[in-house]
Amino acid sequence: MNASLPGLAAIRASLPKALPATGPLMRSVMWALLPGTLLSAWLLGVGVLVNVGLGVTSALIAEASALRLRGRPVRATLSDGSAALAGWLLALCVTPTLPGWQLVLGTSIAILLAKHVFGGIGHNPFNPAMVGYAVLLISFPQTMNVWPASALQPPGAVSSVPADPTAMADAADPSSRWDALTRQTPLDAWRTTRRLVEPDRSSEPMTPAAPAAPATVEPARPPGRAQALIALAWLLGGTWLLWRRTIGWHIPVALLGTLALCELVALVFGATTIGPLAALFSGGAMLGAFFIATDPVSAAATVRGRLVYAAGIGLITFAIRSAGGWPEGIAFGVLLMNGAVPMIDRLSGAP
Amino acid sequence: MSRPLRISGGLALPRDKPGLDRSIQTIPLPPELIFPLLAHGDRALQPRVAPGDAVRAGDWLADGSRASADGRVSAIETRAVLHPRLSEAPCVVLDTRSVLEPTTTVQSPGDPETPHPRRARRLGPDSPLATLLAAGIDGQGGAGFPAAGKLAAVQAHGCRLLLINACECEPGIACDEALLQDEAAAVVAAIERLRRALQPALTVIAIEHDKPRALAALRTALVACPAVTLLLFEPIYPSGAETPLLTRVLAHAGLPAVPTGSRPAELGLLCLNVATAQALGQALDGTRPGSRIVTLSGPDPALSLNARVTLGTPLRWLFERTGHPVDANRALRFGGPLSGHVRTACAHTLDAPITITTHAIALLPEAVDSSLPATRPCIRCGACAPVCPVNLQPQLLHWHAGAADQDALHRLGIDRCLECGCCDAVCPSAIPLTLQFRAARSLRRERARRHAEAERADTLIRERQARLQREALRDRSVDTGSPAPNASVSAALARVKARAKRP
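Line by line, the protein sequences are chains X and Z. When the letters of the first sequence are read in order and numbered with the numbering used here, they come out as residues 1 to 351. When the letters of the second sequence are read in order and numbered with the numbering used here, they come out as residues 1 to 503.
Worth flagging that the hints you see were computed from the coordinates, not collected in a lab. One thing to keep in mind: the hints can contain errors.
As the list claims (entries may be wrong) - Chain X stretches covered by chain Z per the calculated footprint, using a threshold of three residues with CB under 8 Å from any CB of chain Z:
| # | stretch |
| --- | --- |
| 1 | 20-30 |
| 2 | 116-126 |
| 3 | 295-306 |
To be verified - Pairwise CB distance ranges (calculated):
| # | chain 1 | residue 1 | chain 2 | residue 2 | range |
| --- | --- | --- | --- | --- | --- |
| 4 | X | L232 | Z | D300 | 35 to 41 Å |
| 5 | X | P24 | Z | G261 | 40 to 46 Å |
| 6 | X | G119 | Z | R411 | 22 to 28 Å |
| 7 | X | G119 | Z | R213 | 51 to 57 Å |
| 8 | Z | R85 | X | P24 | 35 to 41 Å |
| 9 | Z | A257 | X | A64 | 48 to 54 Å |
Think of the CB as a built atom: it goes at the ideal place given N, C-alpha and C, for glycine as much as any other residue.
Looking at chain X on its own, in the form it has when it is part of the complex (with noise of 0.2 Å):
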């Protein structure tokens, strides 16, 4: 009995709905990447660059040694472009200003405990960007959570947009820079904002402007206008791998309806909450939604697994946001539900 039957690859060739190899389909979420990329260097700072390169070469090569350690084909390996985006996802998920070290060994960890030790491609059953992310948020918390104050406020946008609370800090005074390094993204500086809120009107309905705030604590407003703009960014790559059917639709709209959802309800029920349309494109919701929850390797294989899988990362995201320990939920949000996912993949599978 032959494996592969003659004419199974002019059969092949000729269906046009064949999704891309390995090798085209990581390429093509590369490209879909590129524009966001850029988007975010030129308005964070060329470190975003400088830290994708680090990301990728550390990535590459720790992808290769591990390959050569296990006895595996090294070049037909590497060609397929899955390390290389995993540490091109890992140096976008952290800061700018984060020590090369630092990411160095993220993507280490990401490549060499999160893949190999667990077979390598295909097998790995959580999503290796987000280990190295997780690894690195829990390690150096300090490091990892000092933003520079251009991520709060696009360049050239700085004098004439004085009201943005998070420019704040800029505004009032360009020589403090520095100081504004502590409160980094707007989804934290809500999360402030809310805290110092909160206790004081926590029987009646609020409303995020609530005047009543203390003096010194703006009250949470839309995400800051870079970050918004760069989330689009990661929206359009995404579309255009939609389009490409290179990702399915099922995870990005179930994981940004649920995450909308929440955050709605939240809104109709008085909490204090920044906004569906806000929580979207703040964070990493539209990189986490596009990139890297669909993740086919980590995410559920069914398609009813994966809407399942795609919403509880958006309920897990909404409920790290509003009442979890750290500033932004999708990288945990994630992490759990690859652990969730044998389960459902075992509860939807079944015909």
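Got chain X; can you put chain Z on it based on the hints?
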């Protein structure tokens, strides 16, 4: 006509139907016919004839195998066969050159001594169903399932639906389409006879709409049969497979679907390949066609033809008679590019006979690289799931087949896999999924067989131990009750002496 129906899943494949621009060519009778003693499911058959016996066309060579022409049995020996897993099997060899005298038949056709005498007796000798059951006609679809098995189940439950499957979806196979183009009137007449005999509540012919000539011929012939409904299907592979086709037809007719684990025939749903239906209809008239149509194709366009071949004809004869002798070491593909199997055309293979399941033979342009293709690891992209015609999750089956997790495979429904190869065709990592599933299933069957054997051995051992225990108890009671230890022996001797004294 309403919009064509579409099965769930499947693939739209390029239309490649060889030899439909000319009529069916009849291949003359070869000097030697070969009948493998193998039935559906690789069951071995016991021959009912011996070397030297004269047989007539239609006589039983074994329970489940009939002679397709007159001749004399020249040997019963191991010969090459066309089979996905076996290269040779015991066969009855018939010499068709020896002239038979009119009286030398061992059985006459239509002999009441048939493979299913019990069923036939219950029905009464004149029942048309008895005739059909006795006809011993095998399915002319890919599987060679004995039609009698389906008929018997349908007969026990009453026929609700007669579904004639004229869908022929795989590229490279055109025998049913050629049959309808050339003999639609005869086919429809046979179907009508079958319908009258079975009295189904609903009779449907299912065919794809991309067969213009066959469809026109069928429509013309169907004018005389208003009771037969024609259902058009989208040309999607594998519409011709029974499960997806029947599921779609039942949904269209508003009938309940076949529950998992039941056979359609047990619910009165009879699904027959169009050529099988014709053979059954002809059997009602007492004729027994000993031939089938085979689609031949090859790099030479002159070798694209559909030929009516007597069952048992060796491949070599078939190729020589069509004017295309095959050199050794060319590769032959039996069946289509997705569900077929490949052999090198060595002298051994060319001696193998055409059987009821040989629907298409393709002569391939070059020798086949039998090495496994370069596969990449599964990244669970899920491209295989939407094309599965029975809604399985091949990516999960692949995972559990790799781990040989039989419980998970069963839960995921591996027993329902049609082995159609749709998932292979779309897998971006080029994983031979169907091959893996086939291996996992045969492992599963093997384990079940061993388990049954072990159970049987266990029962035997327990019974033996119980018997030994009983005997030991009895012996002990005998010991205590009798005066001498060898009392039983002396008693036996006394009996023998007494018998000897008797006059």
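task = Kindly indicate which numbered hints from before are broken by the structure, ordering the numbers from low to high.
result = 4
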